[in-house]
Amino acid sequence: MAPYVAARLIQLLFVLIGVSIVVFVTMHLLPGDVAQLLLGDHATNEQLQRLREQLGLDQPVWVQYGRFMVDALRGDLGSSIQSNRPALNDVMTAFPVTLQLALASLLLASLCGVPVGVLAAVRQGSRFDTVVMTLTLFGVSMPIFWLGLMLLVLFAAGLGWLPVGGLMPVGLDPPRVTGMSVIDSLLSGNPTMIGASLRHMLLPAVTLASVPLALIARITRAEVLSAATADHVRTARAKGVTDSRVILRHILRNAAIPIVTVIGLQLGLLLSGAVLTETIYSLPGLGRLMVDSILSRDYSVVQAGALFIAVVFVLVNLAVDILYAALDPRISRS
Amino acid sequence: MSATIASPGVVRRALHGTGARFGLAIAVVFLALTVFAPLVSPFDPYEQDLSSALSPPSALHWFGADQYGRDTLSRILYGTRTALLAIVMADGLALLLGGTLGLVAGYIGGRVDALIMRVVDVLLAFPYLLLALIIVAVLGPSLTNSVIAIGIIYTPQYARLMRGQVLSVQSADFVMAARSIGAGRLRVMVRHVLPNSFTPVLVLATLQSGAVVVETAGLSFLGLGAQPPSPDWGALLAEGHGYFLTAWWIATFPGMAIFLVVVGFNLLGDALRDQYDPRLRVR
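Protein chains in written order, with my numbering: chain A, 1 to 334; chain B, 1 to 283.
Just so you know, these hints were derived from the structure itself, not from any lab.
Possibly wrong hints are sitting among the right ones.
[Stated by the list, open to error] On the chain B side, residues computed to face chain A include the following (Cβ under 7 Å): (1) Val122; (2) Leu124; (3) Leu133; (4) Val138; (5) Val214; (6) Phe221; (7) Ala251; (8) Gly255; (9) Ile258; (10) Phe259; (11) Asn266.
Glycine included, each C-beta is placed from N, C-alpha and C at the ideal position.
Just chain B, with the same shape it has in the complex (with noise of 0.2 Å):
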């Protein structure tokens, strides 16, 4: 069944209209900012000019620059590394922690399948946000510990896909063969069911990165996040919204930047979901 759904026409597929092309353009584009930032960046993002402070966008700065004088362009160019870092850690996480909860709820069932799903029942009974802020609150503000709140607010959300896909797998023709020739638990777990779960919970990856996105950078706004000077987007928001009166491009391109990351993030996920698993198309 997974061999079908991994095969590289079904990506091919998924990124046929429009929209999904275009999703994946802005995802390339900023995977390329992230490496080439300082190459295409024309300022230090953290150097002071006090002599242009508040400066509104010019020749010299394309999107204005800060109270400090600090190139606003420059400084959202090198946020594109600190969004794909909250990406990448944050996913990383809830699909480490929910992928093994669930694999593990789905694989030996029984108490420990219903110990853990009570856990993850009760953790989906918290409004995201809530969660995201009492865990902030236990690790303390910083970049890290948000990301690391984010990655837990998600975790349920794997267990409960991941125990799904083993449950279906599990019963699957070649599972059965590779138990009747003697291989052990451990082994069927994870070399026959986990490869053969993984793809549905690779199209999730993709569909929370928009989302992972727009928490951190929210976090950073509320102040729990990344601290200043790091030009995290979403602590550039947060110096902008000190502005907004007199100089309104501190805030602004910041939040475009957030805003298409998104939407080409969820293009690319809606696509992939559509190709992967039409039932849990949004109808």
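Same shape as in the complex, but just chain A (with noise of 0.2 Å):
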């Protein structure tokens, strides 16, 4: 096990590097010259000199890069032109908002995928299983911009049980704590606030979690299937084990790691995906950050944001795998 967590460990670094050359070369394959994009066009030649040399941007460009790795590590990805904060300082006030989505989406995903896979194997070729195979073809088929817009038209602007958007109601915010909302109420312990952040979050977990449901049920249902047909699973049905305990004693139990390994890489994506739900339900995430930063040509915004999510998203499947070693001894040997 060690020496596979190492050899993961190595990759991963040169993957990070990777990632960090591709976000570099591209916020320098901008259009148009930095200095001008920062001073505006009334600036003199003089003063667009002067910045291109406080920047480094007379520099080779291997020195910019290297300026910019060290930076990086020191949590210096340079300011925003809009908030004229720490460009990082945004990523991270905006990521809890994300992350919560992404986590609550998983949530949702799992507790429901899991067990509308297993039932559909379980009752495989019965109306049931084609309704959840339909249901899952268009789940996965189905833009969830779309898809938002649609619980919005729905259950906001139609009966009116949900709010539109946003966080939290207006004026009423739980002391900052984690950033996420939903768990900020819960530590705030005011049923008000807790009722409402819940009431924020349903929608927006709900859209999020489409595609993820649909996967996590095709994926249970595939593997339970397969596990079905193993010697063993046979075996213990010829000793006379009831049906109950064969399908959690011993299909489950095999078919769990290529589901938990599903589930996990989910996470990353839905990090990234969560840009469309964001902007859907007006939540101030770490998508909407960057959407809005482009649109507005904040660029050191783009930059630490891209890398963050990178970063983070190699990251969480890096776990993944590990965890994934860990439960089957097989491929670290391998």
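Could you fit the two chains together into a complex? Lean on the hints.
Structure, rendered in structure tokens:
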């Protein structure tokens, strides 16, 4: 196990360097001069030259990359031209919103997807199975920004049951501890706040959960079906073990590993996929921050956000891989 | 090996199931609409008529009208053109870039292979949407640039698939034979390896078409793709987002169009994949 983890960590280092190069290079391909962009059209040539020297833009590219990396490792990724704050601050303020949304969706998708998948597999070929397979096909094909809008039309505009967007009602903000509205509301112990934060979270979480729920249900069904044909399952049945015990003890245990992996891998995707959901429900998350920064050409924030999301994505996937190896010793041995 | 894979019998078998036929029907209608949009559209998609602004679905405007009184149905019908353009351009770009990289990596091997595949690995280390956002940030928001971004994010998949195909075809007898009678590297690559590695890549392209439509629309929805007043499906949804409290129809129908096209291409792609390569089948 230890050599496997060490090998994966070394590999991780190379991937992270690669990721930083991609972000650095793309940001340096930006059309136009960064100094010009920062100072505006009325800047004199002297001012531009001075800023270029300050920013190190007159240095060779590899020196610039070196500086970029040294600064990045110190947590300095430039300042936002919009908020005038360090870009990483803006990113860290927005991140808990996205993390909360991604975790809530993943929880919802797993809690619904796994049982539905197991039931569909147990009743393979039944009407229930057909309905599940059809609905999951719809689930993976449905554009989530459309689903989100339709839920808004139905539950917010039509029935008026749920709020139209935002994290909390105006003027009702819990004291900031984690930056996650639901957790902070729970910590405040105020029932009104807790209720409001959950009501605001419901539609966004359902929207973002649609695709992973369909995927998890499909994978669970497939894995349960394939584990059910194993010899030890036939033996257990031959011994007279009851159906529910066979499913729980002999099938699900073996099917669990790939299911857990798929669930884990979804988290990384949800963190970046949240941008559409955040836009629909006006949530001040990381994805929305990125899009707003792109539209207002606030490149320091785009760069900081891109690097941050990519690093988190790579780390989450590594954690899943290691967990997978821990669960299934065959992986690290091969 | 590939000669049998490419035979029309396999395509016919792939289209045997109900799902595949349904998918094919949607794809055919979709393609027909891109051509005949001007003939079947009841209105000009850009024509404003403020007297019917925000009017709900009626005999005149089947799918209602938007805030400028433009006919939603006509705008959706013209939107098929942007969607097709996105599929052709993004899939084409990914196929060209990824296919070439995979072919070169697989055929030449050695350091070239290692270098190309490491770049591919790094690109795969980015979540799709993030990579698309970075590329659009660099190129600037527009339909063309969003389609280029989507083409680039799909490149690694094509490169990997093509490389794998090339590696397996390379050791086939007919490639050995061509080499042994003195055919040059380039000739073997273009005349023998490429045509025999291509079919699964085309299947991947079909499978990706639905995803391309969703992602192009998604970027337009975020304001990073097609810009108003273009009748792009994502841009229509973005307009509808502003009016969902009062005019549900503006967002509802374009979304339905995206959904149908994606379901169609997914069904078609799944059927083709199952026939061409049972190993790739979703278990």
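>> For each hint given before, does the structure comply? Return the numbers of the non-compliant ones in rising order.
In response: Number 2 - this is the single hint that the structure violates.
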